[in-house]
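Join the two chains, each given in its own frame, into one complex according to the hints.
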Amino acid sequence: MPFVIPKDAYAGKVNALTFGSGDKAVTVGGDNGLPFLSFESSIPNRPLIALEIQDVAPSDWPDTVRTVYDGVSDSPAKWAKFCQDSLGAKIVALRLTGTHPDKENRSAEDAVKTVTEVLSAIDVPVMILGSGHIEKDAQVLKAAAEAAKGKECILGKAQEENYKTIVTAAIANNHKLIAMSQLDVNLAKQLNILITQMGFNKDNIIMDPMSSALGYGIEYTYSVMERIRQAALVQNDPMMQTPLLCDIGPNVWKTKESAAPESELPEWGALTERGIVWESVTASTMIMAGCNLLVMRHPKAIETVNKLISELI
Amino acid sequence: MALSGVEIFKHLPKTNCKKCGYPTCLAFAMKLAALQESTDKCPDLSEEAKKFLGAAAEPPIRGITLGGRGVKVGEETVLFRHEKKFVNPCPIALNIKDTEGADAITKHIADVNSSEIDKVGQMLRVDLVCVTDESGDPARFAAVVKQVADGAPNAGLILNSSSPASIEAAIAHCADKRPLVYGANAENLDAMVKIAKEKKVALGIYAKGLDALSDLSEKVKGMGVTDIVLDSGARTAKEMVEEYTMIRRAALKKSFKPLGFPVISFVSRDDSVLEAAVASIGIMKYASIIVVNSIEKWKTLALLTLRQNIYTDPQVPMQVEQKIYKIGDANENSPLLVTTNFSLTYFIVRGEIENSKVPCWLAIMNVEGLSVLTAWAAGKFVAGSIANFIKESEAPKLVAKKELILPGYVSVLSGSLEDKLGDGWKVVVGPREANQLPAFLKGRAA
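Line order of the protein sequences matches chains A and B.
Residue numbers for the first sequence follow the numbering used here, so the first one is 3 and each next one is one higher.
Residue numbers for the second sequence follow the numbering used here, so the first one is 710 and each next one is one higher.
Bound-form chain B, shown alone (with noise of 0.2 Å):
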């Protein structure tokens, strides 16, 4: 994937044969690089330069597929979530000990089951659960695995212990799931592998630190598992953040292939905030996973909404949904806005309307997540969209006065605005600025 043309070029034949399709060989390299073109193209390609050539075109960080709902993970392409959008956004796993009480696994199962929240017209959960074997026991390290199967059938799962003979015994009740098997170490390696390729699962790999997890990743791949989840020791923020930087760098800048797997992260702290302090660390920076002890819904609230931001599409704006939205203990008396759903624009408006105090209507027109003179720029924030959108929505019907607050850095359409609404409508130019809005809404409303 990093591979330059220059480079690739060194490995096409340099004859110039055009039987791809292209004047050169160093033409089709370029494609090449730019992932426009397959290596097929080129009849006469050694077996040397397809395999590597080949492996050069595969994503630099793999993708895996969990089971539960199918939750993918890596497939990462930058450092920096302003050149491009982070693409798999990490899943959050309850670790759930294999020693703790039947009833305290019924409730994390619980917990699990009841974790979904709607942000933003998103339903974001808690997608896996981790069982951890604590107790040495495969038969009750299977029993728990079990219990967690059956009572949270949609969450994936991750089975955590170092020991073939628990996984085996826990992965007979689960093995249609996709859990991934967490895992090999330098010590346990043939018996796990084994056991990942026949069940074709993903394995977590563990070492401590990276040229010993390096090592083991190539062995491990060598073996023959081509899912693997990379584990380098990081458990405090410190180490997480160096670590991950350099495996997620290794993969991306390097073409280090060793590294080029996702990145499973265990935050555990005694305090629940300061976990979810750590946890955050890991969600800005490159864990694809991320194993916490407690998820209390503020928690998982402020974890979810994070992860949301942190992966949003920075080169889309992000929109709210369009519709009138009640603040305070607006009723029909209540003044009514209009402004565009650049979700900045709402989360500003809407902060300083509550900041006035006066209870209101505001009205979000979608014009696909502009800012209100953007939006007017391109036509879209215009008198007769803006007048088919309030008579077509419930406005009409919350306010019995039929009076509407427009942003003041599109005043010119207040009077075109005023005909298109007709029907007695009258239109109000308000501030320019959103901190401007507690002085006039107060000012009207004395």
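Okay, chain A solo, but in the shape it has when bound (with noise of 0.2 Å):
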């Protein structure tokens, strides 16, 4: 019995996206196929890293990933500058962390000045990620945005009960946008249909699923994920082919095995490489769903997810 390649054909194709503004500007996306599979598709971009800095002194990271930055975490501009330039970041994501009202209450001036010192600092491309928290993301990302025209900056995140604000600052300001929802196939479309309906081009969306780490829920995603590429690729559903965003670092790093001492849990093993192998395979899990930039934070465990796509590719 003659072996023949089970091959399966897809109907459908991922949106390539493009940010950032000159030569240094990336593409990710385009793929007609699921994850990694060249005998039957192509991956023309490969998934792409962004490094994580915020606007204040990270707190509340763990001493593994913490004080990697120590020394240049005081200052935004100073933290992008040491990615691009000592770490070979190609895109730097900016977590306006500071504007929480829970934490500092910075106000959206205060992010507008870090944006704009972040982006006079660098050339890569960048993102520009809000706290998280409902009305106070509408008001900051929508100065922010206007701080940042010119720069083809990915804006978000633009979730279903702030989305409006966020697109119309993305659209005047000509940003990207990340549409994320809560772990649902029918959630992540229908804000894609909502803020389409608005007269932004789809073309211009990244969809953030809304991550989780190893151990904590991240079957959920990686399937959620899976089921999102089917719809896109076999069902050729346009409204789930823009490229999936996995913002990973905030779950990675307030996890029990990225923070306890291996004092307190010897059968962990050693702090150090438990935090970088947790955020390594939380990456890997979602690249092989599907998963076309990933917002990270150590620098070893980026290397490390690099070399791997790099054996996939």
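None of the hints are false.
As a list, the in silico DSS-like pairs of lysine-lysine whose alpha-carbon atoms are at most 25 Å apart:
| # | chain 1 | residue 1 | chain 2 | residue 2 |
| --- | --- | --- | --- | --- |
| 1 | B | K806 | B | K886 |
| 2 | A | K256 | B | K1066 |
| 3 | B | K1066 | A | K258 |
| 4 | A | K9 | B | K947 |
| 5 | A | K9 | B | K793 |
| 6 | B | K1151 | A | K256 |
The hints are simulated quantities; they were obtained by calculation from the structure and are not laboratory data.
This is the structure we're talking about:
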């Protein structure tokens, strides 16, 4: 009985999304098959990794990853430059975490100042992320979008409760947009529809299905993403064909596995490697489910995942 | 298995004699296709048809049990875990070379024996040891196999050598443990098949690429070995994903028998974190056994956690244990919150409490893994049951002030819950969404 390669045919294709300005602009997506099956489909753009920085020094990151940025994390511009020049970041993701009312409650003006400083310090593409607070993000991201006009940033995250303001700001200032929904295929599609109904080009959306960390419900994210990809490729659903973003840092680096000392849990082994492997395996799980763009924190985990992606392509 | 009723019908006598108990041959064929009937019911079935249909009723990917504690591999039925549960979690095997020094091997054995971790109530461990013949010396290989078999009696064994003489020498020390003999290739086929049949053990077979592997598999099966484990020579992550996908698709969707067996994957990288990342690809994409070069505790923890996550039944909500969880340095003055045991609910609520930095007691109630609103709608998270759970738990002893914080979504329960709790308990309505917990808790603490 001769072996015949069992190929699947795909009707649809993931949109290619280009962001950033000048010769440092990058493109993600464009794949026309399930992840990494070169015998039946092609991956014109490899999954990329953005390095996360914040507007305020990270007090709640475990030592393993916080100390990597000692000496630069007190200034977002210095931090961004360190990521670009010393760590070779192709993309920097600025999280305006200090604007959260429960944190430092920094104002939209403060955020504008930070965004402007970061944008003038580096020339790689920038993603501008809010703090995750629904109302505050609408204000902050609107102001940040104006300050970043012309840089073609990725702006986010727009959620069902606050997308209108953010979409308007993205249209007015020519940015791309993260549409985030909570672990549900239908909600993800619904939000893409709502956003495009405002006149936003669907090719400029990247979808965040809500990431989770290894050991903390990652199988939900994994399966939601696999189903979104199948809807996009097999069922050719245009509203599911936006690339996928996984913002894993905040989930990974608040797990017990990334923070609990070995003295407390000797059966879990060395803490530094444990944090790094936690972020690496969380990332590998997301890229196997179809992730096109990751936001990560630890340089060693990023190096590992980049090597893995090179092996997969 | 993958045969349709119509395909089966073609092989039936088409007499509609009703001896099988069904009105027509087609009706019987439909039952066979659904695996709800046996071909035995048809007395007039030809020998040829019996053989054909019997083979079709076998699982598309053969299940094989390996020694030690008895780890089952194979028998998978789907390509994507959202379709149906992945069945048999792939064991992790530690590779030990027979050229390593005695001390190093002793250390490996100790690592395997102490690899067990308790993950959400499941005991997970490194189940297998793969002893690799690097020396080419049968005596040495056999001695190391004996050392491992004696030192790690609960672990299963993979005997990795292409030399029949080495396998013969080693298997004498462990035949009762049902080791996997790995393996046979085009050159040593006859001798390896002989050993596998004599000792009644599973045989790993190696050929580069799926054409050659399919040929070899058919040959080995033709020689009378039924328990086969496949190695297509995939070593890079790309080869693993592509070849394992093809193998599983061929077995499940094309009923291609030569590849209907478990797959063994060898992952070896100098950088242990990278090795973990590559092994994770095998866990997601269809490896049945994964051999790694090192099992640092942090690495095993990550891989076994991923395996547990991926092999979770997508149709049964993941649950956590019913109990009062201590978060941070909670004491008798810390707030007490209650919610359900759906694992996502638990993880999200716990994460937000941790974010708040306010130490708390979190009472997790068993409602069979439903979320708050679903459990309430199903009548499982209601005043009476919550009150009983709290009163019978250790909560009354843990907190000085009898106050319980209830999820905002079920605020309607607060009055009746207070009545049912009695004894001076006060019920406070908390926020609806977990992400509002930090503000809520900090507001109360201030």
